[in-house]
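**Q** So the chains spell out like this:
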Amino acid sequence: GQNIDQPTEMTATEGAIVQINCTYQTSGFNGLFWYQQHAGEAPTFLSYNVLDGLEEKGRFSSFLSRSKGYSYLLLKELQMKDSASYLCAVRYNTDKLIFGTGTRLQVFP
Amino acid sequence: EPEVTQTPSHQVTQMGQEVILRCVPISNHLYFYWYRQILGQKVEFLVSFYNNEISEKSEIFDDQFSVERPDGSNFTLKIRSTKLEDSAMYFCASRSPETEAFFGQGTRLTVV
Chain A
28 GQNIDQPTEM TATEGAIVQI NCTYQTSGFN GLFWYQQHAG EAPTFLSYNV
78 LDGLEEKGRF SSFLSRSKGY SYLLLKELQM KDSASYLCAV RYNTDKLIFG
128 TGTRLQVFP
Chain B
14 EPEVTQTPSH QVTQMGQEVI LRCVPISNHL YFYWYRQILG QKVEFLVSFY
64 NNEISEKSEI FDDQFSVERP DGSNFTLKIR STKLEDSAMY FCASRSPETE
114 AFFGQGTRLT VV
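Line by line, the protein sequences are chains A and B. Just so you know, the working numbering puts 89 at position 62 of the first sequence, and the rest follows in order with no gaps. Just so you know, the working numbering puts 79 at position 66 of the second sequence, and the rest follows in order with no gaps.
Please keep in mind that the hints were generated in silico from the structure rather than gathered at the bench. Glycine is no exception: its CB is placed at the ideal position from the N, C-alpha and C atoms. Among these hints, one or two may not hold up.
Said to hold, decoys possible - Quick look at which bits of chain A chain B covers, simulated, 3 or more residues with Cβ under 8 Å:
| no. | segment |
| --- | --- |
| 1 | 69 to 76 |
| 2 | 122 to 132 |
Claimed, not checked - When the alpha-carbon atoms are kept at most 27 Å apart in a straight line, the in silico DSS-like pairs for lysine-lysine are as follows:
| no. | chain 1 | residue 1 | chain 2 | residue 2 |
| --- | --- | --- | --- | --- |
| 3 | B | Lys70 | B | Lys91 |
| 4 | B | Lys55 | B | Lys96 |
| 5 | A | Lys95 | A | Lys108 |
| 6 | A | Lys103 | B | Lys55 |
| 7 | A | Lys108 | A | Lys84 |
| 8 | A | Lys95 | A | Lys84 |
| 9 | B | Lys96 | B | Lys70 |
| 10 | B | Lys55 | B | Lys70 |
| 11 | B | Lys91 | A | Lys95 |
| 12 | B | Lys55 | A | Lys84 |
| 13 | B | Lys55 | A | Lys108 |
| 14 | B | Lys91 | B | Lys55 |
What the hints assert, rightly or not - Anything over 10 Å on all C-beta distances counts as not near chain A; from chain B, calculated:
| no. | residue |
| --- | --- |
| 15 | Gln27 |
| 16 | Gln54 |
| 17 | Val56 |
| 18 | Asn64 |
| 19 | Glu69 |
| 20 | Ser71 |
| 21 | Arg82 |
| 22 | Asn87 |
| 23 | Thr89 |
| 24 | Met102 |
| 25 | Gly119 |
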C-alpha cells in the first residue's frame, strides 16, 4: 500500500526549532504536501515539494529527498499558535492525496 | 481571500436516512474532491471530480455515495442510507491546475 509514516506526537518549547519527519513509499511519487490542521478545523496548506531540496517559506521550511522517500517540515521560532497537527500528504500517479496520520505538535511556554 | 465553503457545519441524522452535504468550491477551480476524517484518524480520500464526472473514487465510496455538480457553483455529496460508521468530518476541496488543494471548513456528520 501507500503508507505515509510520521510521528504521532511531538512537544517543543516556544522559540525553539522542531523538525517533523515523514517517510513514504517512492513508487509513483508525484509530489508531497504539508498541511496544518488545528483541532476541529480544515487542513490548511503549508508547503509543496516535488523536486529534491529545501523550500523555505518564512518560519516554515520543507525538505524532500525523493530517492530516500523522506521529507521533513522544519518550524523555527515556535509560537504557541503553532500547536496543531501537521499532516504529510503524498500525491502519487493519480490526483488524490494520501495522508499520514498527522503529527500532533504541542508548544509549551 | 477566496475560500471553499461548506454547509451545514454540523449535521445530525438518524441511521438509514439520506444526507446531502454541500460545498461551494473556489470559483475558478476545476478539480473537486471529497475527503473524510473519522475522529482521531487520518484524512481519507473519497472521490475526485473533473469535467462533470468522477475521475477517481476510493473503496469507501460505495453505492451509498454519490456526487453531483447541479449548477455552476455547488458540489454535493449524498449518502443514501447513512450508517453509524459514516460519522466523520467531511471535507470538500478544490484546486486549479496550478494550485494546491484548498479545503473547506468541513461538515461534521453525526449518525445516531
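**Q** Take the hints in turn and mark each one as holding or not.
**A** Okay, the hints, checked on the actual structure:
1. 69 to 76: Holds, because 5 residues of the segment 69 to 76 of chain A bring their Cβ atoms closer than 8 Å to Cβ atoms of chain B.
2. 122 to 132: holds (count 8)
3. Lys70/B x Lys91/B: Cα-Cα ~14 Å, so holds.
4. Lys55/B x Lys96/B: holds (19 Å)
5. Lys95/A x Lys108/A: Violated, at roughly 32 Å.
6. Lys103/A x Lys55/B: Cα-Cα ~25 Å, so holds.
7. Lys108/A x Lys84/A: holds (17 Å)
8. Lys95/A x Lys84/A: holds (23 Å)
9. Lys96/B x Lys70/B: holds (19 Å)
10. Lys55/B x Lys70/B: holds (17 Å)
11. Lys91/B x Lys95/A: Since the Cα atoms of Lys91/B and Lys95/A sit roughly 40 Å apart, the hinted pair is violated (cutoff 27 Å).
12. Lys55/B x Lys84/A: Status holds; Cα separation ~25 Å.
13. Lys55/B x Lys108/A: holds (22 Å)
14. Lys91/B x Lys55/B: holds (21 Å)
15. Gln27: holds (23 Å)
16. Gln54: violated (7 Å)
17. Val56: Incorrect as stated: the minimum Cβ-Cβ distance to chain A is 4 Å, not above 10 Å.
18. Asn64: Since the minimum Cβ distance to chain A is about 12 Å, Asn64/B lies beyond 10 Å and the statement holds.
19. Glu69: For Glu69/B, whose nearest Cβ neighbour in chain A is about 5 Å away, the distance does not exceed 10 Å, so it is violated.
20. Ser71: violated (8 Å)
21. Arg82: holds (16 Å)
22. Asn87: holds (18 Å)
23. Thr89: Since the minimum Cβ distance to chain A is about 18 Å, Thr89/B lies beyond 10 Å and the statement holds.
24. Met102: violated (8 Å)
25. Gly119: With a cut-off of 10 Å, Gly119/B comes too close to chain A, as the shortest Cβ separation is near 6 Å.
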